[in-house]
Amino acid sequence: MADEDPRVEDPGDEDRRDERIAASLRVEPLDDVTRRRLVSRALDESRRPSHALRWIAVAAAIVVVLFGALALLTAPGGNDEQRASTPARGQDRAEAANPALPAPSSPPFAAAAGAAPVDVGDLGDLSRPASLDRLRGAREGTSADAAGSASSSKSTASPTAPPCRDQLPVGTVTAVGTGTLDGRTAIAVLTVLADGSQSVDAVFTDPCEVRHLS
Amino acid sequence: MRDGDDTELVARASGGDRRALETLLDRHADRIHAVCRRIVVHPEDALDATQEAMIAIARGITRFDGRAAFSTWCYRIATNAALDELRRKRRRPIAASTDGREPVAGGSSPEDRVAARLDVDAALAHLPEEFRVAVVLRDLCDFDYTEIAVVLDVPPGTVRSRISRGRAILVELLGDPARQNDDG
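Protein chains in written order, with the working numbering: chain F, 1 to 214; chain D, 1001 to 1184.
Hints may contain errors.
[As the list claims (entries may be wrong)] Here's a subset of chain F near chain D, in silico, CB distances under 7 angstroms, partners left out:
no., residue
1, Val27
2, Leu30
3, Asp31
4, Leu38
In short, the hints are calculated from the structure, not lab data.
A quick note: this is a predicted structure, and the numbers were derived from the prediction, not measured.
C-beta: ideal position from N, C-alpha, C; glycine also.
Take these sequences, add in the hints, and give me the full structure.
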């Protein structure tokens, strides 16, 4: 230190308290009002958290708010992504509320439970009852195998809708196949009607024509 | 000294007895104020430092371990509060009525005593802070050199040097303190 004084060789006398200076430094007692005020405020303040604790609490609150905001902004599905996904979720809710509405990406003839119509392939001559039985059997087999197996159903589902749908009976198309009728290529369509009965129809294209088979 | 009496009060205050704490604070208020007054010099700032010291004592009474006298512990807290106050108000000019260079002639009248007090304030204001604090702790608080070294966080040799030089400057500024005090 700069104020270290090596000239102080015999500190014995100087180590003693200097009573003359001590007398000069004496301070008059506080007046009663001031003393009581100081004591009273000290007692009051001691019950409250210190300034340091208050600052720490404020700083901690700010940190928590900042981290919360940061977490909201950076979380997966947060903010923009949430906004972008909202219509899809709303659509899901609409579908759940009204299962009869077809999803835009699902085949137009999907069953009420969400299963697409089964494509049984070439049935041959559609005038033969055996061909129609195959169509009915395909639907029954699918129902029996896995009524709730969407993946199974979709693997055999017809990706395309039969034409002339507006001329088909009102109901759910559950199976389709191809064949010939009167020498013309036709699509056989099995429709489950609202009363539970079935209707098998042949659909011709070009021009559009639907002929009831059974 | 009332340290013997303080022991029981401190124990009760540490246990949450507000009356005991109030008694302790009231009992030591003058000493705490004296330390702050002589270190800070400015009367209003000294009262602020006294208040902060008393709050610190009230809050920290449960941490007082009894290894030193309670009065010594209070002096340490008062010294730290005064030094904090000096740091806060470092740019504030110190109000003094005289420049402290002219020793005040002794006298018994109230006017003479007031003049003498102003003279001490002016002399302390002219004393470098590190010398002033060391002299106050030694001659007013009666701390030994080791205690002062701990409070100021400097080696004991530095404490001795500061006290010696501080006293020399004070004597020069005040003239003969003994005569001044005897007259007052």
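* Closer than 7 angstroms between Cβ atoms is the bar; does Asp31 of chain F clear it against chain D? Give me holds or violated. => violated (10 angstroms)
* To do: Verify the interface restraint on Val27 of chain F: the C-beta must sit less than 7 angstroms from at least one C-beta of chain D.
  => holds (4 angstroms)
* **Closest C-beta approach of Leu38 of chain F to chain D relative to 7 angstroms, hint status** => Interface hint status for Leu38 of chain F: holds (6 angstroms vs cutoff 7 angstroms).
* Residue hint Leu30 of chain F, partner chain D, criterion CB-CB below 7 angstroms -> Nearest chain D Cβ about 5 angstroms off; hint holds.
This entry does not satisfy hint 3, going by the numbered hints stated previously; all others are met.
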